[in-house]
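Chains as they are written, first to last, in my numbering: chain A, 1 to 113; chain B, 1001 to 1108.
Hints were generated in silico from the structure; no laboratory data involved.
These numbers come from a predicted model, not from an experiment.
For glycine and all other residues, C-beta sits at the position ideal for the given N, C-alpha and C.
Hints may contain errors.
Derived Cβ-Cβ restraints for the label pairs, each shown as a range [as the list claims (entries may be wrong)]:
id : chain 1 : residue 1 : chain 2 : residue 2 : range
1  : B       : E1079     : A       : D62       : 43 to 49 Å
2  : B       : P1108     : A       : G3        : 46 to 52 Å
3  : A       : P8        : B       : Q1002     : 29 to 35 Å
4  : A       : H10       : B       : G1092     : 32 to 38 Å
5  : A       : D62       : B       : E1020     : 37 to 43 Å
6  : A       : D1        : B       : S1030     : 44 to 50 Å
7  : B       : E1020     : A       : T14       : 40 to 46 Å
8  : A       : G40       : B       : Y1039     : 30 to 36 Å
9  : B       : K1065     : A       : Q41       : 25 to 31 Å
10 : A       : T20       : B       : K1009     : 30 to 36 Å
11 : A       : E54       : B       : K1065     : 40 to 46 Å
Here chain A is said to cover these stretches of chain B; the calculated rule only asks that three of the stretch's residues, wherever they fall, bring their Cβ under 8 Å from a Cβ of chain A [stated by the list, open to error]:
id : stretch
12 : 1019-1028
13 : 1096-1108
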Amino acid sequence: DAGVTQSPTHLIKTRGQQVTLRCSPKSGHDTVSWYQQALGQGPQFIFQYYEEEERQRGNFPDRFSGHQFPNYSSELNVNALLLGDSALYLCASSLTGRVDTQYFGPGTRLTVL
Amino acid sequence: AQRVTQPEKLLSVFKGAPVELKCNYSYSGSPELFWYVQYSRQRLQLLLRHISRESIKGFTADLNKGETSFHLKKPFAQEEDSAMYYCALTTGFQKLVFGTGTRLLVSP
């Protein structure tokens, strides 16, 4: 089991563009959470998907949206990119909506120019 | 609002010295607290959680509700303990709130 996988590893975009990040959960996990980690900061919760629905959302604007597929994989979409969206985006998977069983992926480094 | 504070950005100690990484939280209810660790070029991973009351890699952490603290301790630091450490809390088991992290550097 490769654990949680994320793609791409790195991404460079310009302001105003849109980006899609992908996450495959650890085998057997059905819940995916997304976090944004700016330089020098701890991860900040964006949202969680369980049973293909957004179950919890952090303090992020509507430009951040997501999706979960029937195979439990997930996408994070960010529209109208801002310079401040530059960060490491972490995906974490867990069981039945609980974070105490959470495993993290390696992250996608997004740079917005 | 829930908040986790890690006052030290960097903690530098010598091998064999005791280590204490501080974590304070603000939440009026009963949160569950975690310590996560990120070794160089590795992904973030769970080190320990207060509810399990176990010692992992020689680290322990006690939840002090009176002082709203969850400090991470180890009596004798090893070079391989050098890493980034994050304290986190959850109140409904649906999201984690992280602190800003403390970098532990253990010198020989």
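Going down the list of hints, with the structure as the test:
{"no.": "1", "hint": "E1079(B) - D62(A): 43 to 49 Å", "result": "holds, 46 Å"}
{"no.": "2", "hint": "P1108(B) - G3(A): 46 to 52 Å", "result": "violated, 32 Å"}
{"no.": "3", "hint": "P8(A) - Q1002(B): 29 to 35 Å", "result": "holds, 32 Å"}
{"no.": "4", "hint": "H10(A) - G1092(B): 32 to 38 Å", "result": "holds, 33 Å"}
{"no.": "5", "hint": "D62(A) - E1020(B): 37 to 43 Å", "result": "holds, 42 Å"}
{"no.": "6", "hint": "D1(A) - S1030(B): 44 to 50 Å", "result": "violated, 33 Å"}
{"no.": "7", "hint": "E1020(B) - T14(A): 40 to 46 Å", "result": "holds, 45 Å"}
{"no.": "8", "hint": "G40(A) - Y1039(B): 30 to 36 Å", "result": "violated, 18 Å"}
{"no.": "9", "hint": "K1065(B) - Q41(A): 25 to 31 Å", "result": "holds, 26 Å"}
{"no.": "10", "hint": "T20(A) - K1009(B): 30 to 36 Å", "result": "holds, 33 Å"}
{"no.": "11", "hint": "E54(A) - K1065(B): 40 to 46 Å", "result": "violated, 32 Å"}
{"no.": "12", "hint": "1019-1028", "result": "violated (count 0)"}
{"no.": "13", "hint": "1096-1108", "result": "holds (count 6)"}
Checked against the numbered hints listed earlier, the structure breaks hints 2, 6, 8, 11, 12; every other hint is satisfied.
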